[in-house]
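> By the numbering used here, the letter at position 149 of the sequence shown is numbered 433, and the numbering carries on one by one without gaps.
Just so you know, the hints here were simulated from the structure itself, not pulled from any lab data.
The C-beta atom is built at its ideal place from N, Cα and C for all residues, glycine as well.
Accuracy of the hints is not assured; some may be wrong.
[Stated by the list, open to error] For each label pair, taking beta carbons as the anchor points, the in silico distance ranges come out as:
#1 K370 - Q335: 49 to 57 angstroms
#2 K303 - A323: 37 to 45 angstroms
#3 A312 - N334: 45 to 53 angstroms
#4 S350 - P325: 34 to 42 angstroms
#5 K332 - V361: 54 to 62 angstroms
#6 R354 - K332: 26 to 34 angstroms
#7 N334 - Q389: 55 to 63 angstroms
#8 D421 - Q389: 24 to 32 angstroms
#9 Q389 - I358: 25 to 33 angstroms
#10 L329 - V309: 56 to 64 angstroms
#11 M359 - Q335: 54 to 62 angstroms
#12 K332 - K303: 55 to 63 angstroms
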Amino acid sequence: MLSRRDKLLIQPWEDRRFKDHRSKVRSALPAIDDRAPAARPHVVLKLKKNQRELDRKNKIQSENFSLLQRLNDIMKVNRLDNHWTKPLPNFQQKVGLFYDAESLQSKVTARSLPEPSEESYTNVKCYACEMRKKQYDYVYKQIHRDSLPSIYSN
């Protein structure tokens, strides 16, 4: 029980303090900060790394250009007699036999002449087919020679 003095002098102050406290509790915000940290673009962008990469690319490009200039200078100077009058040999046998330049030129010009009649093609050989046949015969002989017992091989 409150005395009359308490009701008149103390109670209004306590009621006011309680209302203030309740309004503070209602307007209270969470105390834990669960937001994402502030963005720091200078950490994400890494300008120094980009600058080093750009410098590296420029250095490689300048070195490649100087190498290209040196190779160009080397190719301009001809110190050896490396001019072939005959075409280079083809060891994969894709073109055909190894002929000198004059005979190849004559064959090319002969092929570029107008086509003769059908009867003249009876004795013409296809070099690509001939090489394929030779290669097939060689492989066929190798397979059958290896498959025979050793007493039959020469």
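> None of the hints should be skipped; say for each whether it holds.
Verification of the supplied hints:
At roughly 56 angstroms, the beta carbons of K370 and Q335 sit within the given window of 49 to 57 angstroms. The supplied range of 37 to 45 angstroms is met by K303 and A323, whose beta-carbon atoms lie about 42 angstroms from each other. Hint check: A312 to N334, Cβ distance near 46 angstroms, so the stated range 45 to 53 angstroms holds. Taking 34 to 42 angstroms as the suggested C-beta distance range, the pair S350 and P325 conforms, at roughly 38 angstroms.
Under the hint 54 to 62 angstroms, the C-beta atoms of K332 and V361, about 44 angstroms apart, miss the expected range. Separated by about 33 angstroms at the C-beta atoms, R354 and K332 satisfy the suggested range of 26 to 34 angstroms. One distance hint, 55 to 63 angstroms for the beta-carbon pair N334 and Q389, holds here, with the actual separation near 58 angstroms. Between D421 and Q389 the beta carbons are some 31 angstroms apart, a value that agrees with the proposed interval 24 to 32 angstroms.
At roughly 31 angstroms, the beta carbons of Q389 and I358 sit within the given window of 25 to 33 angstroms. For L329 and V309, the Cβ-Cβ distance of about 45 angstroms falls outside the hinted range of 56 to 64 angstroms, so the restraint is violated. Taken as a hint, the range 54 to 62 angstroms is violated for the pair M359 and Q335, whose Cβ atoms sit roughly 36 angstroms apart. For K332 and K303, the Cβ-Cβ distance of about 59 angstroms falls inside the hinted range of 55 to 63 angstroms, so the restraint holds.
When each numbered hint is compared with the structure, violations occur for hints 5, 10, 11.
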